[in-house]
Amino acid sequence: MANEEKVDKEEPRIGVYVCHCGLNIAGTVNCEEVAKFASTLPQVVIAKDNRYTCSDQGQELIKNDIKEHKLNRVVVASCSPRLHEPTFRKACEEAGLNKYLFEMANIREQCSWVHLHDKEAATDKAKDLVRAAVAKAALLEPEIETEVSITRKALVIGGGVAGIQAALDLADTGYKVYLVEKEPSIGGRMAQIDKTFPTMDCSICILAPKMSDVGHHPNIELLTNSEVQEVKGYIGNFKVKVLKRPRYVTDDCSACNDCSAVCPIAAPNEFDVGLATRKAIYTPFAQAVPSTYIIDREICLNKEGVMTCDKCIKACERQAIDFDMKPQTLDLEVGTIIVATGADVYNPSSLQNYGYTRHPNVITSLEFERLINAGGPSGGNLIRPSDMKIPKSVAFIQCVGSRSKKGNLYCSNVCCMNTIKDSLLIKEHWPDVKIYVFYVDIRAFGKGFEDLYRRAKEEGVIFIRGLPAEVAEDRKTSNLWLIGENTLQKEIYKVNVGMVILSVGIEPCQDSNVIQRLFTLSRTSDGFFMEAHPKLRPVDTPTGGVFLAGCAESPKDIKDSVTQASAAAARAGILMAQGKVTVEAITPEPIPENCQVCGLCAQVCPYNAIIVDKESKLVEVIEAACAGCGTCGAECQFDALHMRHFTNAQILSQIDALTEEDADKKIIAFCCNWCAYAGADFAGVSRMQYPPNVRIIRTMCSGRVSPKFVEHAFARGAGAVLVAGCHPGDCHYIDANNQTQKRVERLWKKMDRLRVDKDRLQLLWASAAEGERVASKVRDMQAVLNELSPEEVEKSKKAFEGS
Amino acid sequence: MGLIVPQRLWRKPLDAEKIKLPKAEIHIIPDLCKGCGFCIEFCPKKVLEKSDQINKRGAYPPKVVDESKCALCGFCTAICPEFAIFTIEKKNEEGCEGGKNE
Numbered sequence: 001m002a003n004e005e006k007v008d009k010e011e012p013r014i015g016v017y018v019c020h021c022g023l024n025i026a027g028t029v030n031c032e033e034v035a036k037f038a039s040t041l042p043q044v045v046i047a048k049d050n051r052y053t054c055s056d057q058g059q060e061l062i063k064n065d066i067k068e069h070k071l072n073r074v075v076v077a078s079c080s081p082r083l084h085e086p087t088f089r090k091a092c093e094e095a096g097l098n099k100y101l102f103e104m105a106n107i108r109e110q111c112s113w114v115h116l117h118d119k120e121a122a123t124d125k126a127k128d129l130v131r132a133a134v135a136k137a138a139l140l141e142p143e144i145e146t147e148v149s150i151t152r153k154a155l156v157i158g159g160g161v162a163g164i165q166a167a168l169d170l171a172d173t174g175y176k177v178y179l180v181e182k183e184p185s186i187g188g189r190m191a192q193i194d195k196t197f198p199t200m201d202c203s204i205c206i207l208a209p210k211m212s213d214v215g216h217h218p219n220i221e222l223l224t225n226s227e228v229q230e231v232k233g234y235i236g237n238f239k240v241k242v243l244k245r246p247r248y249v250t251d252d253c254s255a256c257n258d259c260s261a262v263c264p265i266a267a268p269n270e271f272d273v274g275l276a277t278r279k280a281i282y283t284p285f286a287q288a289v290p291s292t293y294i295i296d297r298e299i300c301l302n303k304e305g306v307m308t309c310d311k312c313i314k315a316c317e318r319q320a321i322d323f324d325m326k327p328q329t330l331d332l333e334v335g336t337i338i339v340a341t342g343a344d345v346y347n348p349s350s351l352q353n354y355g356y357t358r359h360p361n362v363i364t365s366l367e368f369e370r371l372i373n374a375g376g377p378s379g380g381n382l383i384r385p386s387d388m389k390i391p392k393s394v395a396f397i398q399c400v401g402s403r404s405k406k407g408n409l410y411c412s413n414v415c416c417m418n419t420i421k422d423s424l425l426i427k428e429h430w431p432d433v434k435i436y437v438f439y440v441d442i443r444a445f446g447k448g449f450e451d452l453y454r455r456a457k458e459e460g461v462i463f464i465r466g467l468p469a470e471v472a473e474d475r476k477t478s479n480l481w482l483i484g485e486n487t488l489q490k491e492i493y494k495v496n497v498g499m500v501i502l503s504v505g506i507e508p509c510q511d512s513n514v515i516q517r518l519f520t521l522s523r524t525s526d527g528f529f530m531e532a533h534p535k536l537r538p539v540d541t542p543t544g545g546v547f548l549a550g551c552a553e554s555p556k557d558i559k560d561s562v563t564q565a566s567a568a569a570a571r572a573g574i575l576m577a578q579g580k581v582t583v584e585a586i587t588p589e590p591i592p593e594n595c596q597v598c599g600l601c602a603q604v605c606p607y608n609a610i611i612v613d614k615e616s617k618l619v620e621v622i623e624a625a626c627a628g629c630g631t632c633g634a635e636c637q638f639d640a641l642h643m644r645h646f647t648n649a650q651i652l653s654q655i656d657a658l659t660e661e662d663a664d665k666k667i668i669a670f671c672c673n674w675c676a677y678a679g680a681d682f683a684g685v686s687r688m689q690y691p692p693n694v695r696i697i698r699t700m701c702s703g704r705v706s707p708k709f710v711e712h713a714f715a716r717g718a719g720a721v722l723v724a725g726c727h728p729g730d731c732h733y734i735d736a737n738n739q740t741q742k743r744v745e746r747l748w749k750k751m752d753r754l755r756v757d758k759d760r761l762q763l764l765w766a767s768a769a770e771g772e773r774v775a776s777k778v779r780d781m782q783a784v785l786n787e788l789s790p791e792e793v794e795k796s797k798k799a800f801e802g803s
Numbered sequence: 001m002g003l004i005v006p007q008r009l010w011r012k013p014l015d016a017e018k019i020k021l022p023k024a025e026i027h028i029i030p031d032l033c034k035g036c037g038f039c040i041e042f043c044p045k046k047v048l049e050k051s052d053q054i055n056k057r058g059a060y061p062p063k064v065v066d067e068s069k070c071a072l073c074g075f076c077t078a079i080c081p082e083f084a085i086f087t088i089e090k091k092n093e094e095g096c097e098g099g100k101n102e
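Chains as they are written, first to last, in the numbering used here: chain E, 1 to 803; chain V, 1 to 102.
Next comes chain V alone, as it looks inside the complex (with noise of 0.2 Å):
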């Protein structure tokens, strides 16, 4: 989710619940990636870490740690070099309003 609840108001929102945050498929090509870690750097979220799964170009391509997490903002797909990453929204049954634009 991403919703922050900073520490001075404790309470839940009534409508946490309800408040539609569009969510995220993330998709990785390992063997496209030449492991310089761009995505994992700058990913606003931090929803990327490195794997341990060696590709055939010999880099350690990233892995996701929590979709639920990713905010779907595409910087990982635009900062990345080798095209090897990218997102897409999930349909839910309810719609998207966050992801009007994609």
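So that you can see chain E by itself, here it is in the shape it has in the complex (with noise of 0.2 Å):
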């Protein structure tokens, strides 16, 4: 566009807006001081407080200055920008100014709201704030973000009910769908529930009609026993490779279970928790789609190159049988992705209290889904495995691996409710038998979950608060004694019965970390993946074109794995139909004339997206592949790569700015956007209050923080300098924050050789969550400013001068 071309060289013309935010902002600071201190910068040419600039009046505003005053800069003191930035560059786009001249200073979340009882001291911090806005804004240049095409087709990784509803809504809309699943057939952990809660559907019968759709819609293309093995590529455009293992039976298998019938060799089956056999020749389950037979050749007596056994090809009559069949590996290009790899069940046998494995009536909530279903290893008859005969009572307990240091800290979720479930159900069947149930809380918060909690308390189900600390074996009736204590009624109670159901929790697929690192997800710390954003934007990852749903994302039960993955297609599908999506502008652009080729940049590139050529001696950026993390920039030692509206001149500015008085009393935070500056934000939301004197310059990611950055707020006379960014492992640019770590000791070595104090450099990884961590902090580093000397600083300012 020409006028964003003409800003380039135009003096700037910056407009300053002060939102009160109603009395958020205003009730601790002084508003309209922050705006008249702000007229006074350098270059403002108007600046004014109102009271909701983001309201439609707001924007108005900004808009007819822009034209009015032919503002080319403005910056908006208000919120985080992490809430309000594109609220504002789209009005700015609006009025014909290119978005990325806007610059926001956070004097809420980060001022206002934590410094709530001293105003005076609030202000200034919001000067300051401003200030530094003020100056980088002066720097910020137009960009033009790239456009990316959106190939028209998806993939889904996991065949659990999540991952079937989504590829069956994705398919449905019209796309082409890759349905990836690692077992012999879709299903998932649905299928091997007995009914569901709280309506009592039968669950395969509600899920079979689904599998089948899968397996027969002419969008979906479905690759069972197949892995994703290698993602490469961005939004729009990923490269997947997936390795398809063979089944040795072809397609013609009409699953009529006669090589099953003479196959030699049995194993427990892992459909049924190894409660039922299995041949080597199988399909898990009655309902398996697709129905064809699969050859496990781990217990098949066929080894490769030796033939040995022919029965299971001499009794196929289809002759399906194809022990010749090899790996195969497929490359799909597909355009967005859902993860919904699921999640496995807690194994309890590490609790050692409770006898798992140790004593036979012991068994796991999911054990009892295939022994109370009628397709399952009992048909139906809820037999206890020490002798085969019903139980006359039997015992639930709750919360085994959740809500424990033992096992997981969090709530599965569903644990409640499918014991209540699984208590009518024996009922249902069984009236005389008695039922105990051991909690901590009774969770029946969804739809129709409280009239069922009721109908199972109607039905004489007992429910008795305090789990058992111990199950402890009859040697001579195989019984089980439960002691505890009944935190109710404050009793210890001492109860036997004839089998003890422990009601286990949810947890992340032992696989997580492979998928993590192959779509660089972050998880939680339960392990689970996590959202962009827990309220707004819960079903997409930080990954663009990458989408969660089901039990990948936390524990939750079918109706609202379902719900999510049809959330999960709908976004999918939102980028699929406009077919194209721009990227942030916010990429490297090598500056020739400084670069050595040392190739530093790229040896620090998280996503492999810098090429350095050193023969031709050309540093190429692909922008596609790149995040914009900046750790690259940090790297280099020349200045040979310009971060875009990241760039040294602007953030060392901002140092400036924030230096100019009182430098000695501040500490000057370097926070990544995803997880530090996330986390200030959360302290503030939660109006955790902390000492006023830090102010924060946000980075996308802590490995944008070069070394000189921090240099030079020593060298102004800084009191002191924290650098915070996710968790190792936690990093949105895959691990660029390990670049972080080390700049930062290395950072310390030279502090230490130069003799100033070490503690004066601070490194903190702070989750989005972690609000308090970051307050903390700021609290431990306001004791290491009060002991700072004049003489100190000083010293600091020498040894760094010139950085």
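A couple of the hints might just be wrong.
Rough simulated footprint, nothing fancy, chain V against chain E, three-plus residues with beta-carbon under 8 Å [stated by the list, open to error]:
(1) 259 to 271
(2) 374 to 384
(3) 787 to 794
Looking from chain V toward chain E, a few residues come up when the C-beta cut is under 7 Å (computed) [stated by the list, open to error]:
(4) W10
(5) I29
(6) G37
(7) F38
(8) I40
(9) P44
In short, the hints are calculated from the structure, not lab data. From the three backbone atoms N, C-alpha and C, an ideal C-beta is built for every residue, glycine too.
Since each chain comes alone in its own frame, lean on the hints to assemble the complex.
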């Protein structure tokens, strides 16, 4: 655009808008004074304060001023840019101003809300933050975002109910879908479950039609017994390698079972949690999709190269058995990906006091599902493994592996209702069986859940609060003694039952780390995949074009999984319907004049997005692969990478502005956009109070923080510097924060050498949910500031002079 | 028994006693054996091993270690160059699903 190029050369004309946000800001910060202060800053043409800048009137004011006062830069001092930057950028664009010429000062989450009781200091801090924003704004440059086309094909990983629903929704919309499942059949956990709560529908009866739809849908290519091996590319243009392991049975299989009947090798069936057997050639369950049988070569007599047994080949009339099948690697090109890899159940054998695996009559809730299922190993009879008899009494133990340091800290969400459902199933078939439920809390929070809970109580299920401390076995009868404390009545109980069912929790899949690495996703401390925003983007991931559905994101029931799957399909569908997407213009541009072709930038790039050709002395950035973390820019010693929108000059100008007055009383903090900055925002939202002397500069990744930024801050007399990023392993740019750590460690060494107090530079890992961690770090560092002598400040100023 | 229990599934399947796997009778004709050892080497269930009884031909014929492990695949019969070994299915009272084709 012509006028955008013009801006580059024009003298900056900056407009500053200080928002009251009702009393959210104005209650603490004197906004009028801040606006008056802003008007004195260089290149500021106008500065105003208003009640709600994000309102339509507030935006209109900005738009009018852009036209009337010929503003070519806009600064809004209000809430976090994580909240309203898109709003104001859009307003600027509507007034004909490139959206990259907009800058924000966060004076709510990181100022007024965290210094509620110190109005003067908060106002001073707000002024500082505005000064830094104005300084950066003066150096902002217009950027043009590149457009990326989107392949109208989707990949769904995981064939549980979430994956099935997402695949069907997308396929019905008209997009080609590849559904990859690592097991021989789709269906997932839902296929193993007998009934669903709270409606008591037969699980497989409602799932089987959907599974069959997937098998027959013209737009779905079902890849079972397959795993994703490699993912390359970026939003809209993923290149995926899928390993399709051989079934050794062709599609000619009619599932007649003749082969299985003659097979001489048997093993426990994984689908029945080992409670029933299967042969080496088998189908995991009757409703399996695809229905084609599969040979387990691990146990089959025929090893590679030596065919010793031909019983199944002889028995198969349709000659569908082919021992020569080889693994295939498929190359798929897709535009969007839905991760629906599901969850595992907690293995209770490590909880010694419950005796699982020692006492045969202690079973898990998943084993229970197979036992009570008419198609299961016992034909639907709830029999005790020890003597195959129906027990006269049973006990459910809740929260096994959940809400405890011994297992996982989180609530697994479904176990309470699952137990209530199971207890009603027992009452339905064997009304005389006495049922105890030992619980911590009963969480019956969903639609129709409380009704089911009431019904269970009416049917005579005995609910006792307080988990047993121990489950002991009676050697003679194989009955079990449960000993514990009833915490409502403050009594010790000792209960004898015929069978114990451990209500096991849900855990992240064992191969979650593989998926995490393949897609550069993040996981919460619980191990489940993290959404882009917990409230407003609950099925998006931080990786563009990748969405989440089902238990991969958090433990959830079938209804929530299906809801989320449809949501993920809709989100993926939006991208594919548009057919194109723009990527943020925050990628680096090489400056050939400065470049020494050392190749360090390429070495630290987590995405391999920089190609250095030492012969032709060329550095090329593959813009589509670059995510804009800026760790290359921080590594470059020669100013040879221009990090768009987070340039060296812009960040140095922010440091200069923040250290202009009373630098020795301030902490200059560099926070990454995703974790530490979000964590600081979270501290604000939660109104956690901390000392007002910290000044936060936002970068996309802590890897952007060049050692020279830190040195420059000290040279300017800053009292202390904080570098904060995501926890190791949680970096939103794969592992760019490893570089952060290395750089800070190098700086510490240098400070040691220069005899500068090392405590003045600190490193913090804090997630977006750890506001208190950020707040307490600032409090700790305030203590460092309090100890600081003027001589020490002078020493560091001299030591880093010229940085 | 032909039942293989992988480690992560610890429980003995409830139908472990009921599944009808074929039961074998292994017959070795020691004096026909020339001691090539093919049957021992290729048996997928490792049912056979070399005996210490020398035969008329001066060879050591195989002996059965554990007949119950035999899956009746018949590979020993097929591979023996001297027709010195064969397996037949034990007729047990319940009948054997597994032996249909023999």
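Quiz prompt | Earlier hints that do not hold, by number | solution = 3, 5, 6, 7 and 8
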